[in-house]
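Trainee: In case you want the letters, here they are:
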Amino acid sequence: MKLNQLNNATRATLAFSAMAGALILVGVGQSWALSLTILNLCLISSVMALGVNIQWGYAGLFNIGIMGFAALGGAAAMLVSTPPVGNAWAAGSWNILFSALCFVGTIVAAWQVHKKLKNSRFQTIVMIAVLVTGYMLTRSFFDPAVDAVEATDSAKTGFLGGLGLPIILSWPVGGVLAAGAAWIIGKVALGLRSDYLAIATLGISEIVVAILKNEDWLTRGVKNVNGLSRPVPYELDLHHSEWFISLVEKFRASDLAGLEGLAREAVLKEAITESAGVFVKLCYAGLFTAVLVIILTLCVLALNSPWGRMMRAIRDNETAAEAMGKDVTGRHLQIFILGSAVCGIAGAMLTTLDGQLTPTSYIPLRFTFLIWVMVIVGGSGNNLGSILGGFLIWFVWIEAEPAGVWLMNTLTAWLPEGNSVKNHLVQSAQHMRLVVMGLVLLLVMRFTPGGIIPETSK
Amino acid sequence: MKKLLLASALMATTGTQVVHAEDVKIGVFLGFTGAIESIVADMGPAAELAIKEVSDSGALLGGSSVTGVRGDTTCTDSAAATAAAERLITSDKVSALVGGDCSGVTTAALQNVAMPNGIVMVSPSATSPALSTIEDNGLFFRTAPSDARQGVIVSDILNEKGVKNIAMTYTNNDYGKGLAEAIEKNFTESGGTVTINSAHEDGKGDYSAEVGALAAAGGEVLVVAGYIDQGGKGIIQAALDTGAFDTFYLPDGMVGDALPEAIGPDLNGSYGANPGTDSPGAAKFAEMATAAGFKAGPFAAESYDAAALIMLAMQAAGSSDSAKLKDKVMDVANAPGEKIFPGELAKALKIIADGGDVDYVGASAVELIGAGESAGNYRQVAIDGGKVSTVGYR
Amino acid sequence: MPEMTEILNALVVFTNFVLIPGLAYGSQLALGALGVTLVYGILRFSNFAHGDVMAFGTMVTILVTWWLQSLGVSFGPLPTALLALPLGIAGTVLLCLVTDKFVYRYYRAKKSPPVTLVMASLGVMFVVNGLVRFIIGTDDQRFFDGERFIMKARDFKTLTGLNEGLAIKSSQGITVVIAVILVALLFWFLQKTRAGKSMRAYSDNEDLSLLSGIDPDKVVRITWIIAAALTTIAGVLYGLDKSFKPFTYFQLLLPIFAAAIVGGIGQPIGAIVGGYVIAFSEVLITYPYKKVVTYLVPESWAPEGLLQLLGTEYKFAVSFMILVIVLLVRPTGIFKGKVL
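Residue numbers (our numbering), protein chains in the order written: chain A, 1 to 458; chain B, 1001 to 1394; chain C, 2001 to 2340.
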C-alpha cells in the first residue's frame, strides 16, 4: 500500500517535471510567448479535466456533454462583461419581458395541470392544450421582440448585450450557470444508466450550443462577440507605460549595454514588445493557477472527507451503498452539479482568454472528446492525474502540428522535390495531430491502464 | 544607414550573422483541419504559389528567399488558433501572416497575437463587417470584400432581373449570416420580399429538411449564401433534385466552374457575382493553379493575392518588417502604377525596386479601400452551357 | 371541402419533401445504427470510431470505383460503386479485425469496464480520422454514376398534370431496396443460422453461452465482419445519395448514435426504428406546413406564416430533443435496450 503511494508520488513528480521541462524546452527552442500561451491553455484544460474527474473519478458518471457546460461558461463571460446595448433594449425589452412572463406562466400552468389532474382522463388533453396555447402566446411576444432587437444595427450589435461588469466576475457566474443547467439535466437524466446518460448529456449539450448559435438577440449567434474586456493589462498599453519600459530596461540591461541611439531604441522596442506579450500571459497564468489551486484544494479536501468516502463507496458498489441507506441519486445529482460548475468556470476562463465568444467553436471533438482523453491519459480518479492529463494532452494537441510537419518533411526528404507522394504527405501533415492524439491515448491506456498517475486505493 | 543600424541591432540581439538578402518567412495561417479544411486545401497552396513565385524570382529585397510556414487555425477553435499564431510570430518569426480564414479565429489571433506583436495580417476570406471597424493599428487587411458591400450588389442584380420574392439559405457562420442579413436588408428596402431566411450547417451532408422548408416558403429564386463544396452545393443539388427551385443566385462563395461541373446542366440559367473586374487575372490564376496541381476554389484567388500583396509591400518598404510594410500595402494594391496580374510578381518587384509604382490587380481584382479591405468590384456571372460566363462588371 | 386534385397536390408535396428524403436518410442511419448496436450487443461498448470506420470503408470503395472506371467498367444504369462494394467491405473488415486484434482484444481479455473500451474506440477514432484524410484528402468526392433519377419532378408534373412535382432519385431507391434486403438477411442470419444463434446467445448471457461451448473469438469475429459490412454499405449509400467527405462522416456519428439509443441499444430492430425516428423527426419538426395546409383549406383560410415549429437551424438539435424525450419516457429506448 505504502509502496504504491510512494510510487505514485514519484510518478507525479517525474511526470510534472517532465511537463515543465517540455514547456521550458518550447520556451528556449521556439519562444517563451508560445510556451506561456500553451501553459495558459494547459491550465484551463486542467480545470476542465478536473471537473470531469469529479464526475467520473468520484462517482462514475459518464458525462459527454462537457461542451455544453463550457459553452454556458463562455456565454456567461460575454453576458457579464459586454456593456448593454441601449437601443436594442429600447426596441425589445417590453416584449421580451412579456414573453418571459408567458413562458413562466405556461410552465406553472403545466405543473398545476400535472398535479391537479393526476388521475383525470383529460390530463393529457389539457396538458397539450396548455402547452400549445402557452407556446403560441410566448411566441407572439417573443418573435417581434427578437426581430426588433436583431434589427438594431445588426452588422455591429443586433443583440441585447450584457451587464458591463468586470469579466473576472463571470468565472463564478459561469460556474453557477453551468451548475443550474446541470441541476435541470441531472433531474431529468440521472436516472439513466451509463451509456444512456452519456448520450443524453451529449444531446443536451448539442441543444445548448444550438441555442447559443441561433438566438442572436442573446448571444449574437454565429456573428460572434469580439473584444471582450480583459482582467489583465493590454500589451499595447504596456508599450507606452513608463513603469513597464523601465522594468524592461532593468531586466534586459545586459542586452542594452553598450548600445546607443537608434540601435538601442530598436533593441529596446523589440524587447518591450516581447516582454509585454510575456507579461500579459504571466498575468493570465497567475489568475488561472490561482483558480486551479483553489479548485484542487477543495477537491482534495472533499475527497478525503466523509462525504468523499461515501461517494467512492457509492461508485464502487451502488447497490450496497443504497442498501445502507445512502441517497444514491441525490449524491449523484450533487456531484454532477459540482463537476459541471467546474467545467463552466473553465469555459468562462477560456472565453476570457480568447477575448471573444465564438459559438461555432464549440464542437464535441475539441470540448468533449479531447477533455476525456485528458482525464483517461492523466489518470481518472486522481486529481493530480487529470491536471497532468490537461497539461500533457493540450501540449501534444498544439505541438503535434509543427512536429507533424517536421516528421513528414524528414520522412520524405529522400524523395525528389515535386514528387507527388511527397507533396501529398507534406500537404496533409496537419492531420498528424489526430493520429498522434489517438496513438497517445491508445498507448497510455495499454501500457499504464490507470493513466499516468493512477488512482490510489485507500 | 537606417538599415545598417537595424542590422547591427538585430545582430546584437540574436548574435547571428546578418546578410542583406534575408530569409523572409510568411505565415500561412489557415484552417488546414476542421470545418473548412476542404476549402483551405486550395487556399494554402495558392498562397504558397505566390510565395514560391517570388522566392524563385530572387527579386525581393536584394535576392531574399521567402518561405511559407503553415499554422492551423482550425477555423473554429480560437485557443488553438491563438497558439498557432503565437508560434508563427514568436517562434518561427514570420514577417506577416496570410490569414486567418474564418472571422472568429481571425479576430482572436489579430487581437491577442498580431496586434501586440505588430504583425501584419492579410486575410483572404474573413468577410465579417465587424472587421471593418475593429481596432487594428493599421495591421489588418483583407482581400475579400465585406458582406455589406455584397448585399447591395445582390439586391441590385435581383432587382434588375425583375425578381420580386426570394427564398434564402445561408451557411450558419459569420460569413453566411452576415451576408444573408446584408442581402435581406437591401432587398427588402428596395421593395422585394424574402419569404424565408434560414440557416444550413456545413459538413452535415443531408439537407432534405432545409430544402423542404425552403420549398414550402417558395420564391422565384433561391439565394444560397454558402460554400461551393459544402452545404451550399448540397442545398442546390437537393433543391434541383426535388424540383423545389430552378434558378439560384450564387454569391461569391458559390461561384466557380466546380459547381456546374458537379451539378450538371440543371444549373444553367442561374446567376451570381463574385469579386472581379474586367481583367484577365482570374483566368490566368486558374491556369496557374491547375499547373501547380490545385483547384482555383473559393477564396484561393484571394489567398494568392494576400500573399502577393504582403511581398510587394515588403519590396516597397524596403524591409520585411511589418511596422514598415503595413504602410505600403495600400500603395501597391491601388492605382496609380502598372497593373500586375498573377504570374507577374517578378516584374512587379523589379518595377518597385527601380523606384516605379505598381497597381496590383492579381487574381481577384484587388482594390483596397477604407481600413484596408477590398473595394468589392464585382463580376456578374451567369451559368450557361455548364460554364460560368461573365455577363458584366459592377 | 377541397377538391381531389388539391388533396393530391398536398400529398405529393408532403411525399416529395418529407416522406422520400426521410425514408432514404432514415435507411442510411438505420444501417449505420445497426453496426453500432451489434458491436454494443456482443462486445458491450459504444463504438465511437464508427463514423470514421464508415468513412474508411467508403473511401476504399471510392478508390476501387475510380480504378474500375479507369478500366472502363460500368454497371449499366446502376452506380459502379456497387461493383466496388465487396472490395470496400473487405477493406473495412480487415481494418476492424486489425483494430480488434491490437486494441480491443486486450481489454476484452482483461474484462475491463465498458468505458475503457469506449475510450479505446475514441483512440481508434482519432487514428482512423487522420488516416482517411492522409489517403484521400479532405475534399468532397462524388462517385455516383449511372442513371440519376427513377422519376424526375418535371416528368411527374407532365405525367399527372398536378401542380407539384415528385422526384425519386435512383440513389434513394437503391438505398431503400438495399436496406430492406440487408435487414431481412440480418434477421434471417440471427434467427436461423447456427452462427447467428450463437451470437444472440452470447449477447444474452455471456457466461452461459461459454458454458454451452460457443467459441467467443468466433462470435466476436463474425460480429466485426457483419458490423464492418453494414457500416461500409451505409457509408457508400450515404455517399451515393449525397457526397463523400471525411468531415461529414465524422459528424454522422452523432445522429447514428442517437438512432441506436432511441431504439434501444443492442436491439437490431431498435436500430432500424431509431434511424427512421431520428430522420423523420428532423424533417417533420422543421418542415413549414404552409404549402400543405394551403392546398387543404379554403382559400380565405390560407395561412400567412410558415407554420414551422422550429427553424431548420435547430434541425440537429431536434434529433437530440426527441432522444431526450424518448429516454425520459422509456429510459432504455423504444425497444428496451440492454442495461449494464
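Check the hints yourself; a few may be wrong.
[Claimed, not checked] Selected chain A positions facing chain B (Cβ under 8 Å, derived; list incomplete): (1) Asn8; (2) Ile38; (3) Leu41; (4) Ala110; (5) Gln112; (6) His114; (7) Leu117; (8) Glu249; (9) Glu322.
No wet-lab data here; the hints were simulated from the structure.
Glycine included, C-beta positions come from ideal geometry on N, C-alpha and C.
Trainee: Each of the hints needs a verdict: does it hold here or not?
Mentor: Hint-by-hint comparison with the structure:
no.	hint	verdict
1	Asn8	violated (31 Å)
2	Ile38	holds (6 Å)
3	Leu41	holds (5 Å)
4	Ala110	violated (28 Å)
5	Gln112	violated (35 Å)
6	His114	violated (32 Å)
7	Leu117	violated (35 Å)
8	Glu249	violated (15 Å)
9	Glu322	violated (42 Å)
The earlier numbered hints that this structure contradicts are 1, 4, 5, 6, 7, 8, 9.
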